[in-house]
Every structure is written in structure tokens, then in C-alpha cells.
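Asks: Residues per chain are reported as follows:
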Amino acid sequence: MSTSSGPSPTLFPSSDNDPAIEVKNLTTGYRGKSALQDISFSAPAGKFLGLLGPNGSGKSTLIKAMIGLLQPWEGTVRVLGRRPQEVRRRIGYMPQAEDIDWSFPATVRDVVAMGLYRRAFGMDRFRKGQEEQDRIMAALERLSVDHLAESQAGELSGGQQRRVLFARALVKEPDLFLLDEPTAGLDARSEQEMLDLLSELATNGASIVVSTHDIGCANERCDLTLFLNRRVTGYGPPELTITEKMLNRTFEGHVLVMGSGGSSLALAPHNHHEHSDAHGDHEHAQHSHALHGHDEHGFV
Amino acid sequence: MIDWLSDPWQFEFMQRALLAGALVALASSIVGAFVVIKGLAFLTDAVAHTSLAGAAIAFLAGGGSVAISLGAAGAAGVTAVGVSILTRARMREDTAIGLLFAALFAFGILLISRARNYTLELSSFLVGNILTVPTEDIIVMAALASVVIFVMLVFYREMLFVAYDPTMAAATGIRVGLVQTGLMVLVALAAVAAFRLVGVVLVMAMLVAPAATATLVVRRVPLIMITGAFFGLLAVCIGLYASFHGDVAAGPSIVVTSVSLFLLVFTISRRGLIRTARRLWSS
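From first to last, the protein sequence lines are chains H and X. Just so it is clear: in the first sequence, position 202 is 202 by my numbering, and no numbers are missing. Just so it is clear: in the second sequence, position 114 is 1114 by my numbering, and no numbers are missing.
Worth flagging that the hints you see were computed from the coordinates, not collected in a lab. Please note that the accuracy of each hint is not assured.
What the hints assert, rightly or not - DEER-style ranges, computed between Cβ atoms: (1) X:I1085 x H:G32: 15 to 23 Å; (2) X:L1178 x H:Q130: 28 to 36 Å; (3) X:V1218 x H:S157: 21 to 29 Å; (4) X:A1089 x H:T203: 48 to 56 Å; (5) X:V1154 x H:T203: 35 to 43 Å; (6) X:P1222 x H:G158: 22 to 30 Å; (7) H:D196 x X:S1260: 49 to 57 Å; (8) H:D196 x X:R1175: 35 to 43 Å; (9) X:V1154 x H:W73: 32 to 40 Å; (10) X:T1087 x H:D196: 27 to 35 Å; (11) H:K33 x X:E1136: 50 to 58 Å.
Just so you know, even glycine gets a beta-carbon here, dropped at the ideal spot from N, CA and C.
All chains, please: the whole structure from these sequences, using the hints.
Replies: Rendered as C-alpha cells:
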């Protein structure tokens, strides 16, 4: 399936058959402290990839590395066949809603317009195209928040704010979506609507990367799941990776890494219990097939 | 009554004062919108106070209006850059600002204390000289205001994007640090323009009060800028009347008016005092 498996003359040949994402031996972090170590995986275009892991496992860090906000200390990150900085226009990024200053006075329309930001010179800077306005409204309509276009973004509910942020990523019509916890804090119906839209975008050829805590929904929706706990603990289709062993490795590993705290200690067994019940039917038999992230192109 | 209103403007010094005030109100409100929204008031105050050191150096070296403004701008720039360096060295921003604020302000006063008529000069630096503002100063203010307006017009989208969501702005390829530094430079330029008018102590009122009043009435950045300019100009006019007829210092009179306007609007506006008190009472 993957075209770049096996030896290839150049490390990262650029062609339409390139994987949408190709991360090799990535180590990076903040201010001298590494948050990700030796991450390797690749994903073909048009897939819905879920990043799973406990808090502090590096999900956001990996997304930031994939959009070029963080430079690799070691290893390489390629998206859409190129360095992230070279393909920014084709990436729709949605930061966690907590990263945003919601007290800032801006209407929903203003926020979504930022998604269409492009460098412009001379009088182009002052051009306000009708086409731009149409695209903004179309994106808002797809998220069913077009009636809020003139509202203050900061006065919306948490779910509406996430829709607005997603509309801002969508308005560029990107080839790759990098979405950091897009469904956190959404009610069940809004979550389903957003996931339906993501599935539809993936069907139409867009590549989707979503970080989430929700193992059940990853199992249901994702083509691929990457388990992360500072390192890749598992990678492959959800039916192969979402197993008791994998959840243990990923979420208990977190507790070991943190090394303290009754709350995180309590959290991991809870997750483990809940989800091993939910997916208990296929775990042991498929353990041996759960693929390790270090075998880069190993999924079938 | 008509005489009372028209009398002041027969004097050239009052016309100049009004023109200078209008220029400063415009530049201040454009920058002030970001200062108020992003909580940069303390930094603005520090930039204004430390500009005294640069102005003092230029003054003692025998420089004229232009040199004094340039000196002030230089010192203001040092503060802006210094704060950004100290913060990157992981010092808390307010600590960094406090240190530079005190050090450079004290240094400025120390320099001025060498001047022959120390108290006179000091007071003109501290509370401004709007009624005796020379033509060169007006030209400098006009130049500063033009730069502020031009840069903000051209880079408005970047300024807005970075202020709203720096992470996403960086992910889009905007050089966030550069834009933030640019905003600080604009703050410094507006502060220097206001400094000659109302003095270092009261600059912050020009940059903060009109924009703060505007945020009570309108909720979009361009509207905050325009409405802020209106409130700033209104304060200049009323303040000059009060100064002319009441024989009080013009700079402080403008500032008192500006803050009074804020309190007035705050009391009656939708998000204001009366509504808030009523809500607290009923809950």
C-alpha cells in the first residue's frame, strides 16, 4: 500500500504518491526539554488518523511539529511530500481552544477570515474580495454556525467556539487537516456532526489528523491510530491497535513517566478498564498484530 | 455662551494646542486599542516614563525639539527591547518592566537635576507643555502620527492575527516576534508624541483612557480605534476649555477629562456600573 516502503534512491521523493505524512526519528520539545522521542510513522493521503495518549504525552507537540511550529532536534518531518513550512497554505490547523484569547474583540467572521490570511503586497493588502466573504460564509454554513457570523466569538459557547475554529481551518480548503482536540467539550450530537464532516472530507481525499482522548470514537472513526506517550507505543488500524495491552502500555506508561500523583494513577486504570470492556472481543487474538510505530510503513 | 466657546480659539497658542492634541489623540487611540485589549498598559507606562532619560540626554546636549523627541523615542525603544530580552530569559514580564521602569526613569531625573533651572525643566517633562508647544514639536507629532497610522493600516491584518491567536499566526507563516516588536515600536512612537503634550506621567492616560472608553461602547478593533480617537479629541477640547477658562494646567486637565469621560460611559453603558451593580444586587 505504501509506496515508499523499501529502499528508495532519495530519502523523500516528491510525487503524488507520497505519503501525506512522513515522520522519521523525530525528537523535539520545548526549551531544552524533550517532549517527543524518536517518533517514526507515515500515513498515506486520504486517511483519518487519530493521535491517542494521555495528557502530556506529546499529541499537541507532534501536531505542532507537523505544521512547522516546532523544529525537529533530530529526525525529519515531511507533510504532503515537503517540509511543513513549504506547504502551509495546504494545511488547515486548529489549535486547542484554550490556546486562544477569547476576550479579544472579534466577530466570528473576523476569526474565520484569519484562515484565509495570505501574504499580500501593495494595494492587494486592502482588497476585500466578495469571493473571500462567500468562502467564509460557506465554511460557517458547513459547521451550521452561519447565523453567528456577526456575533462576538468570545461570547459563544465552548462547542460553538470549536466549530468556529474548525471553520477557520476548513475555509482554506486544505489537503491536510491538523486538529488538536477538536471534539473536546462538545456534546454528543455536535461531536458526531463534526466527525461526520471529517469522515466526509477524508472520503473526498483530504488527510485528517485528530488528537483525542476518546478511544471509543477513534475506534469507530479512524483509519489509523497512533498511540503516543512521548514515544510511539503503537500504530496501525484501530482494530489491530486498540487492545488491552496497548492501552496498558500507553496509559500506564504515562503514570510511570509522571512518577507521582494519585489522580493520574487513578485515571489510567479507569481508562484501561473502561475501554478494555468496550473492545474486549478482539484483544488477545490480535495482540501480536498490533504494529509498533517504529516499523514505519508496517500497517497493511 | 458663544463667546465662551469661541474665545479660546482666537489665540494662536490655543489653535496649536488643539492641533497637537488632535494628532496625539489619533495616534494614541490607534495604538491604544491594542494596549487596552492585550493588557499592555504597564508596559506602555514604563515606555513613557523611561523616554524621559533619552529626552534628558538630548536636552542636556543642547538639542532642540526634534532631538529631544528622537532621544525620547530611542530610550522608549531601549525599554521595549529590554523587556523583550529579559522576558525571553524567563523573567516575569511585570518584574522586567518594573526594573527597567524604575532604573531609566530615575536616570532621567538624575540627568535633568544637572540642569540649571531643574524644577522648571523637570515639570515641563513631567506634565508637558501643550500651551507652549512649538511648531517643530507639532511637525514631529504629525510625523509620528503619520507613521503610526500608515504602519497600522498596512499591517493591520498581521497585528490583529498575532494579537488574537499567535500560535495560528505562526503556523500560517507570520513572523510573530517581528509583529509583536512592531506593535511595541508603535506604542513607543505614540508615547513619544503624547509625551511632549501631556508629559511622561500622563502619557498612559492618553493611550489607555480613550481606548478603554471605546471598548465599553463598540466591540471591533477598527471601531475601537475610531471611537477612541473621538473620545480622545473630545477630552482634548473639554480639557483645553477648562484650562483656558479655569486657569489650570492644560495637560492634567485633558487627562482628568479623559478619565471622567471613561467613568461617565462606564456608569451608563451596557456593561457598565449601573447594570453590573443591579446584576450583583439581584443575584
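Asks: Is it true that H:D196 and X:S1260 lie within 49 to 57 Å of each other by Cβ?
Replies: holds (55 Å)
Asks: That 27 to 35 Å hint for X:T1087 and H:D196 (C-beta), does it hold up?
Replies: Given about 44 Å between the Cβ atoms, the range is violated.
Asks: Is the hinted range of 35 to 43 Å satisfied by the C-beta distance from X:V1154 to H:T203?
Replies: holds (42 Å)
Asks: Taking the Cβ atom of H:K33 and the Cβ atom of X:E1136, is their distance within the range 50 to 58 Å?
Replies: holds (54 Å)
Asks: CB of H:D196 to CB of X:R1175, is that within 35 to 43 Å?
Replies: holds (37 Å)
Asks: Could you say whether the range 28 to 36 Å given as a hint is met by the Cβ separation of X:L1178 and H:Q130?
Replies: With Cβ atoms ~31 Å apart, the hint holds.
Asks: Given the range 48 to 56 Å, decide if the beta-carbon distance of X:A1089 to H:T203 lies inside it.
Replies: holds (50 Å)
Asks: Can you let me know if the beta-carbon spacing of X:V1218 and H:S157 is within 21 to 29 Å?
Replies: holds (23 Å)
Asks: Hint says 22 to 30 Å; check whether the CB-CB distance for X:P1222 and H:G158 agrees.
Replies: holds (27 Å)
Asks: Using the beta carbons of X:I1085 and H:G32, state whether their distance is inside 15 to 23 Å or not.
Replies: Since X:I1085 and H:G32 have Cβ atoms about 18 Å apart, the given range 15 to 23 Å holds.
Asks: Confirm or reject the claim that X:V1154 and H:W73 have a C-beta distance inside 32 to 40 Å.
Replies: Holds, since X:V1154 and H:W73 (Cβ atoms, about 37 Å apart) stay within the stated range.
Comparing the model with each numbered hint stated earlier shows that hint 10 is the single one that does not hold.
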